[in-house]
Every structure is written in structure tokens, then in C-alpha cells.
Amino acid sequence: MKGNEVIAEAAIRCGCDGYFGYPITPQSEIMETLMAREPWKETGMVVLQAESEIAAINMVYGAAACGKKAMTSSSSPGLSLKQEGLTYLAGAELPCLVVDVARGGPGLGTIQPAQSDYFQATRGGGHGDYHLLVLAPASVQEMNDFVALGFELAFKYRNPVMILADGVIGQMMEKVRLDDRVPRWSDEDIERISGEWALTGKKNERARHVVTSLELDSYKQEEFNHKLQAKYRRMETEDVRHEELSCDDADYIFVAYGSSARVCQKSVQLCREQGIKAGLFRPITLYPYPRLPLQALARRVKGFLAVEMSAGQMVDDVRLAVNATAPVEHFGRYGGVIPTPDEIVEALKKQIIKA
Amino acid sequence: MTEEIIIAGFGGQGVLSMGKILAYSGIMQDQEVAWMPSYGPEMRGGTANVTVILSDARISSPVLTRYDTAIILNQQSMDKFENAVKPGGMLLYDPNGITRPPARDDIAIYKIEATRLAAEAGNPKSFNMIVLGAFLKVKPIVILDNVEKGLAKSLPARHHHLIPVNIEAIQSGMNHVEKS
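Here the protein sequences line up with chains A and B, keeping their order.
Under numbering that gives the first Met the number 0, think of the first position of the first sequence as 0, with each following residue one higher.
Under numbering that gives the first Met the number 0, think of the first position of the second sequence as 0, with each following residue one higher.
The set of hints was computed from the structure by calculation and includes no laboratory data.
By construction, the Cβ of each residue, glycine as well, lies at the ideal position given by its N, Cα and C atoms.
Treat the hints with caution; some may be incorrect.
Which chain B residues stay away from chain A? Per the calculated CB distances, all over 12 Å, these [to be verified]:
(1) 9
(2) 89
(3) 108
Here are the simulated EDC-like cross-link-like pairs (lysine to aspartate or glutamate), alpha carbons at most 20 Å apart as the crow flies [what the hints assert, rightly or not]:
(4) B/148 to B/55
(5) A/174 to B/105
(6) B/79 to A/341
(7) B/85 to A/341
(8) B/138 to B/105
(9) A/174 to B/147
(10) A/174 to B/55
(11) A/202 to A/186
(12) B/85 to B/67
From just these sequences and the hints, can you work out the full model?
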């Protein structure tokens, strides 16, 4: 199955209540698959093509406010349109899942794969001090796995979770093991899981619930921000994920996520064939970033090459983690161009090894 | 075993579906597979290509610049991919429409007259399966039983009655591939 199709299938299987979207290449297969699968007949899941990206994200806000598992998906220009909705969702502490199958920018850009929305994804994207929890799949299998995981983390933190993929992972077909079907939550489930805040209809025995991101008293707003920050610190300790490949004896480390990490796996093989001890460090959560494991590696390797399909965004996080303990350089192709395994090896030799 | 393949030709020749059937056949043979298409403007007329990787081990990059096998179905793709075959690798092409045949002497070059055979069989759509047959004759990386299962998996049920015709086309390709 294609990565995009798997997102749709995984959403149905994990008991998602509603998908609200607007088509854009290279992720249109997500909604196309959902429409073809007609999950409203099987699980009651709503699938709705909104009139715009802005409408779609606000429909997600509405559904999430009721304690439902709601999601949307888009690609880079569409995500820019959704940013207002995302900051409101984060400000109202609402859980939801957002999938970005990124393409080259800026502007309308190209429809080919890119990773130039890293800053937008990991720094918040909209206004205000907030973060999304960002998962970066590097295989079609992870496109499946991160849907259920994304919802789990979204409800754990009452915070939007983003799956940041790109055109390669979305369009590629690989073998995939789908999850077993989980029923959608009943009203009782929602009461048990989100009963303290969800809008489930006020009953006499409880106080009214208010879902808002507005607070006119600045001291109270600061207090609320403290609460958000405490939540992000908790993410940083409890839900940081990464993968290391051939790092144990490595002198040089490629740092790459998503499809760049796949290309770098090949570069690691090529390096090893040439006698260069290279390894791959793959962040799986982009926010929170796996800073500590990278720091630990920095004490014993000779250098890092951050490889991204961007002009240099994630490399900032690598530099913050490594903190000048070892050299850090960046290699990128962008605007929809995918780096090749060979040119990455050449970049390592030229920029880091320098022999 | 890892086989890295590029299939390239015109949109509409069945390039992507040939790749898909090969990938599904690999799954039926319990291999790891990756299928990475060119998508977007080039899909809407013009050239189309797809990278297919079959392997016993976890697959690394789905985006490659060098291939074990190039299956080439038009001149533009020949210009683009002839030099992308690894030394010792294989290039398979249909001479129909090829004005500059491949010239490398460090790879094995095979020819399959798939356009002509498909037209003679009165079934131009079987073109891509003839090419697939030619490839599998030279590199039997998946057995025919698994190709049949792969066909069943990748074709919608309403087209399952066409499986025998496709298998015939694959066998025709196997019988007619020539080393050049």
C-alpha cells in the first residue's frame, strides 16, 4: 500500500471519529482512500471534504472539543492555511491529529517532496508559545503505526500531534502490517477519558465546561502558559523517540529524519564499503527533539552531517544538542529535489572528513 | 539478495502497474519491497518511471541513482538511464521507437519486441506483461506462481478474469527475450 493510503486505513482501524480535509498533492490519496472505503457505513466515522483548509481545521477544533478523535491532513501550502486553527487548538488544549505530507516551497512551490517545513512544524507554526508533538515516519509501516500512536499522545497531553511526512513516504508503496480494528469510543468512553473538559452536554450534576483559548487577565494567561510549558517539559522527558543505525562504532554520524533518513541508510552502506565508519541517527520525534542521546554520541564521534531536504533547518537542533562538542555541518537538496546516496557520501568527505 | 530496478517509459505504457505487480509478487515471495513512482506533472503525459526494490533484508533508500536492472521503453528513458545501470548489471529494452540503441559493453543488454508481440497477439495492453516476462526470464527473482498471486493482489476483483491473459503475455515475453 502507498503511505497515504495507509494513513487512511489506519485512521479507520484505530477508531477515528472524523476526518476533515481539502485535497492537495502529494497527499490527496488520504481522502480519496477514505471516500472509497466509506467508513461511515462500517464504524460511523465521518469523512468530509471541507470548502477549504481553514474550514477543515476548524471542523477538527469542533470535533476535538467534544472529546472525539478528529484528524485532518494536507501538504505544505495547506498547512500554512491551517496554522491559525492549530494555535487555537493548542491554546484550547485540544487533542487532534494533523498529517503534513510536505512538498517544496516557499509559496505554492512544487509538488515534489521536501522537508522545508521543519521550523513550521516544530516551532509551533502559528502565534504564541506552543508546540505540536511531531512524529516523523521513515517508512510506510510507520505511517500506519504513528496514526494510533499520534492519537494516543494527543489525548495523553491534550495537544495537537503532527505526522510530518513528505512526498516520498506518501507516494511510496511498501509492505505494511496493519493494526487490528479498534472500535470508536462510546459516549461512556469519552466521559471516562475526557470527562473533565470535553463538551458532552451539561448535566445538572457537573459545572459547565468551557473550551477556549481566550483569557483577558494577563496574569492568568501567564499561569496558563506555565501549565503549557510544564506539559512540553513532560513531553521532553517521557516521549522522545529516535533510532540509531550502525552508531556503536561510528566515527561519523548522519543525522536525518523521514525519507532523508532512508537515503542516508544507503549512504551508511556505501561509506562502510569504502572503509568509512559511518552511522545514522534518526530523530523520530522532531518535537521533542532527541537532544540527550545525540549529546551522548557527540562525546565520542568525529563529526555530524545533518542531511535534510531543506536549506538547513533541523541542523539547528543538532547544533543545540551537540553544543560545539563535535563539528556539525549541513547538506541539503531542496525545492523538491531528493539527495542521492552518493552525493551525501561526497558531502561527508568534503565537509566533515576533509582528508 | 537485493535487486534494484528502474522501469521507465511513456505514461500509459503500464510502467507503474508493471512495477506494482512485480512488487506484489515480491511480497508473495516473502521479500521486502519498495515501489517509488515518479508522480506529478510527468505522470500526466510524457515520461513515467518507477523504482522497484526487492530484497531479503530491510530496504534502505527508495531513491537511487544506480540500478541492478533498467527496463527501458522509450528513447528519453534510454538517454536518462543507460548510464545508471551498475557495471555488470542488466538493461532490457523494447527496440520500438529506439533510435540510439544502448552501447555499453560492461552490462548485459537484452531486447524484447513487446510492442510488436502485443500488437500481433491483438492485445496491445498486454505489452507491459510481455516486458515483465522477458525480465523474469533473465532474472527469475520471483517465481511465476507468485507473480500470479501478485497479479490477483494488485488487480481489482473485476479484472481477475484477465489473469490468464496476463500470464500468457508473461510467458510470451519469456519465450521471446533475446540477448543483444
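Hint check:
1. 9: holds, 20 Å
2. 89: holds, 20 Å
3. 108: Given that every Cβ of chain A is farther than 12 Å from that of residue 108 of chain B, nearest at about 24 Å, it holds.
4. B/148 to B/55: At roughly 19 Å apart (the allowed maximum being 20 Å), residue 55 of chain B and residue 148 of chain B satisfy the hint.
5. A/174 to B/105: violated, 34 Å
6. B/79 to A/341: holds, 17 Å
7. B/85 to A/341: Distance of about 13 Å is within 20 Å: holds.
8. B/138 to B/105: holds, 17 Å
9. A/174 to B/147: Within the cut-off at roughly 18 Å; holds.
10. A/174 to B/55: holds, 13 Å
11. A/202 to A/186: Answer holds: residue 202 of chain A to residue 186 of chain A is near 14 Å, not above 20 Å.
12. B/85 to B/67: Holds, because 6 Å separates the two Cα atoms, which is no more than 20 Å.
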